[in-house]
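Got chain P sorted already, so can you dock chain V onto it with the hints?
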Amino acid sequence: MATAKEIADKAERDDIRSRWLLSAPALLIVFLAALGPLLIVVVYSFLTPGNYGDVKWQFSTDAWVSVLFERDVFDDTLSLATAYLSIFWRSVSLSLATTVLTLILGFPTAYFIATRPDHRRDIWLFLITIPFWTNLLIRTFAMQEVLRNDGIINSALKLLGITDHPVQLMYTNFAVLAGMVYVFLPLMVLPLYASMEKIDFRLVEAGYDLYATRFEVLRRIIIPLVTPGIVAGSILVFIPSLGAYVTPRVLGGGTNLMIGNLIELQFGQGRNWPLGASLSITLMAIVMVALLFYVRNTTRSDGAHG
Amino acid sequence: MAKRFDVRRQNGFVSLAILCFFLLYLPIATLVVYAFNDNDSLAIWKGFSLRWFHVAWNNGLVIESSIRSFQIAAVAALLATISATMAALATTRTKPYRGLTFKYAFINQPLMVPEIVTAVALLIVFSRIKIWTGYSGLGYLIAAHTAFCVPFAYLPIRARLESMDLALETAAADLYATKWKTFLHVTLPLLWPGILAGLMLAFVVSLDDVVITEFVKSGGQDTLPTYMLGQIRRGVTPEINAISTAFLVLSIGIVTAFFFVSRKRT
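Line by line, the protein sequences are chains P and V. Sequential numbering from 1 applies to the first sequence in our numbering. Sequential numbering from 1 applies to the second sequence in our numbering.
Hint data in this document are derived by calculation from the structure and do not stem from the laboratory. Being a predicted model, the structure only gives us computed values, none of them experimental. Any given hint could be a false lead.
[Stated by the list, open to error] Dumping the calculated DSS-like pairs for lysine-lysine here, alpha-carbon to alpha-carbon at most 27 Å:
#, chain 1, residue 1, chain 2, residue 2
1, P, Lys10, V, Lys103
2, P, Lys158, V, Lys46
3, V, Lys95, V, Lys181
4, V, Lys179, P, Lys5
5, V, Lys95, P, Lys5
6, V, Lys179, P, Lys10
7, V, Lys179, V, Lys95
8, V, Lys103, V, Lys179
9, V, Lys130, P, Lys56
10, V, Lys95, P, Lys10
11, P, Lys10, V, Lys181
Just chain P, with the same shape it has in the complex (with noise of 0.2 Å):
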């Protein structure tokens, strides 16, 4: 006969197994269309290029040498290829930018949020979530009325008189650099709000008995409570910012290339397929670096407080 541990044994059994019965249609449909396909990228990054595109299945580090490296036509030696790691450095350096300028203008307007009343906090955040969920081709688009050479910029330069020539914006890093802050800011905001929303302002009230300034509070107690605000918008921002794909092809032009817009070149007109999938696979490792760095500072955060 079978005891009672061992009914309750077999139930769990049991229940574990339905579990992975029910969540084995959502596993699979990212595992198909999404994880696994990452997995032949790994692949094809070791193979030749075909000559029409595709791939040659023969095995080659060639794409990954040229990563890093230029063979010289001539003597055949190695140096650095300086196209595409300015390529890579320009996307890192713009989308530090963009994540700092979103900081700077995305943590005023997260505090003016959170100290406002309740009943009028969520009409605010309703004023944030629009754009947020407005198509982001759109807003990029936006941007270019604003940016292009009888925009509104110019237009408001012309009618104050301080130029008569348009200045060229589009077609710029600035101008890459203005739409991606443009896009992305909602994206600092809304974990910023979401954790200063949590303040205990009798920290802050504290603060000023003990003769602080506003500026000391705000270094010494607001930032410090809402690091692990700070930390979670800068990845948000970061990521997608690295990975541009639309913002750089629309604002950027043909010269403003990002790793995104690198990538797609070669699977169109460069025709250099494992070429394009370990540059992707950089850009991820890149990304993936950056999460570490993310996961380890949200454990230890966590456990300060905790």
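Showing chain V alone in chain P's frame:
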């Protein structure tokens, strides 16, 4: 009388916040205003007109790609929501079991990889399958959209489940309801707002997608966003503004609905 000292005040924050809201809405406002411009080019304001909305409405490609966008979004959001609901039921309200963390990571994986990388990966795999099977229909786009919609549908459903009380389901079981009946008459009605929120999120996310669609689509399978991307590169007429404005109104409608659905849950 001196004003009370406000501990929440930080110098300059209010003006920066107002500036931020202004910057967020200025480009969108410009875009909408110029949609009503009665001029062939974007440059100069000539007067109010609905002309470009007519042009867009009579543009067969716009209508065709809009219908395609809706078809894909509807099917993908539905599939994603069903599988996400099942997955959420399987991963909440239990003590940790082996594989639970694995499931979380797996389901949220599409959120962690840059879109361009997923797009390229799907291009590689699907172009192979297209050659092998000869099939080049909408199935690829639907599969791709379903996959990246799953985490968006999963998050609100899981959040809702975690805030739900198990006592009612236990009570139903005590009253000899079968598992299925309990689910149908107790769990599902309680979970419904979460499912609806997940469905709407998934729908909007699918409708908005540019990058993955651009890489996966076969010839003649433009969705509205990829059609617009092509047009923007070719130089623009206010027609794009008109389409964008219509799209914007739709998005705001869905977000407003989402806002109210998710607010009711308290």
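Outcome of the hint check:
Restraint check: the Cα-Cα separation between Lys10 (chain P) and Lys103 (chain V) comes to about 22 Å, which is no more than 27 Å; the hinted pair holds. About 19 Å separates the Cα atoms of Lys158 (chain P) and Lys46 (chain V), which keeps this hinted pair within 27 Å; it holds. Among the hinted pairs, Lys95 (chain V) with Lys181 (chain V) is consistent with the structure: their alpha-carbon atoms are about 24 Å apart, no more than 27 Å. Our distance criterion of 27 Å between C-alpha atoms is met by Lys179 (chain V) and Lys5 (chain P), whose separation comes to about 23 Å.
Between Lys95 (chain V) and Lys5 (chain P) the CA atoms are separated by roughly 17 Å; this keeps the pair inside 27 Å, and the hint holds. This hinted pair checks out: Lys179 (chain V) and Lys10 (chain P) have alpha carbons roughly 17 Å apart, not beyond 27 Å. Distance hint between Lys179 (chain V) and Lys95 (chain V) is fulfilled; the C-alpha atoms sit about 19 Å from each other, no more than 27 Å. For the suggested pair Lys103 (chain V) and Lys179 (chain V), the alpha carbons sit about 23 Å apart, so the restraint of at most 27 Å is met.
Taking the CA atoms of Lys130 (chain V) and Lys56 (chain P), the gap is about 17 Å. The hint holds against a cut of 27 Å. Taken as a hint, the Lys95 (chain V) and Lys10 (chain P) pair is honoured in the structure, with Cα atoms around 16 Å apart against an allowance of 27 Å. In summary, the hint linking Lys10 (chain P) to Lys181 (chain V) is supported, as the alpha carbons are separated by about 23 Å, within the 27 Å threshold.
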